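A.B. asks: What follows is each chain in one-letter form.
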Amino acid sequence: MTVTLSEARPGDRLPDVDFGRISRATLALYAGASGDHNLIHIDSDFARRAGMDDVFAQGMLSMGVLARVVTGWAGVDRMASLSTRFLAITPVGAHLVCSGEVAERCEIDGVPHLRLTLSAVITLNDGCSVRTLAGEALVRSN
Amino acid sequence: MTDIAPNPRGFFDRATKGLKTEPVQFEVEAGRISFLAETLGETNPVHHDRAAARAAGYPDVVAPPTFAMVVDLETGRAQERRGEPSVLSRIGCDFRRLLHGEERYDYHGLIFAGDTLSIMTEVVGFEDKKGGTLELAHLRSEIRHPERGVVVTITRSLVHRLA
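Chains A and B supply the protein sequences, listed in that same order.
Sequence positions in the first sequence follow our numbering and run 20 to 161.
Sequence positions in the second sequence follow our numbering and run 2 to 164.
Chain A on its own, in the form it takes in the complex:
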């Protein structure tokens, strides 16, 4: 049972968003859709010349999926802010899951809000997990 906006308390978890495995095709399509044509994400030859082992995912792809944790739960029209720090790159082939929980109830200019803490975690082919994004969102709760 998913917690509601009005009942949510600090520590309550939001439903995860399981994006699945990030393939080369995912990166190519996201490049076209987002307008981020940086070749380091879509051209292995370019990535190797730049000193990387291979292409890696656009940071904003994970941030976009992270935003779904918030909008899927609270609705797109309640989001007041979304911020992330990028902690590690996401290699091609990684499995991405984004999650969130309620940090606190607060008031901003007299309007009740919830502050949410968010995480993107990837699982690599060898089974290791890495936290790639640490995020925060404010949503209006009235």
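The set of hints was computed from the structure by calculation and includes no laboratory data.
Computed spacing ranges between beta-carbons, pair by pair: (1) A:Asp145 x B:Asp14: 36 to 42 Å; (2) B:Gly84 x A:Ser148: 43 to 49 Å; (3) B:Gly84 x A:Gly129: 45 to 51 Å; (4) A:Arg67 x B:Ala52: 42 to 48 Å; (5) A:Ser63 x B:Gly84: 26 to 32 Å.
If you want the ones that stay clear, here's a sample from chain B, every Cβ over 12 Å from chain A, calculated: (6) Gly115; (7) Phe127; (8) Pro147.
The model shown is predicted, which means the values in this text are computed figures rather than measured ones.
Ideal Cβ positions, reconstructed from N, Cα and C, are used throughout, including at glycine.
Please arrange chain B on chain A, whose structure you already have, making use of the hints.
C.D. replies: What follows is chain B alone, placed relative to chain A:
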């Protein structure tokens, strides 16, 4: 072609601190919103279907939160096509060594298909970190609708790997 060896002085053009770009216009298309939403795995019909968006009380298809990035990148590309440097070119971004540091969006309103928006960016400043192995550029952009005012503010740092 520039050599990729570590350079303690960095590659950003620090003389661009304080630069404010002229507003650049962007027309929001429903198909572009739907394409972005699809690549993010977002299936909510308000991002894909005008009738569903209207039934939910919106004037048209609704952009997902990170659509602001599309406005930013596509206006930069449109400038380059016209032979004007984008803000990323002006600050000296080297895409081979570029990473995201932080990204923050403050939302004052939603973006809908059919909107004609304008974006302006300010170069807030530069910073060195981790003993000079990273250099950061801090940028702030405002996306504005002619009647609804500022809809999104983007605050972000771009990072060059120098080692």
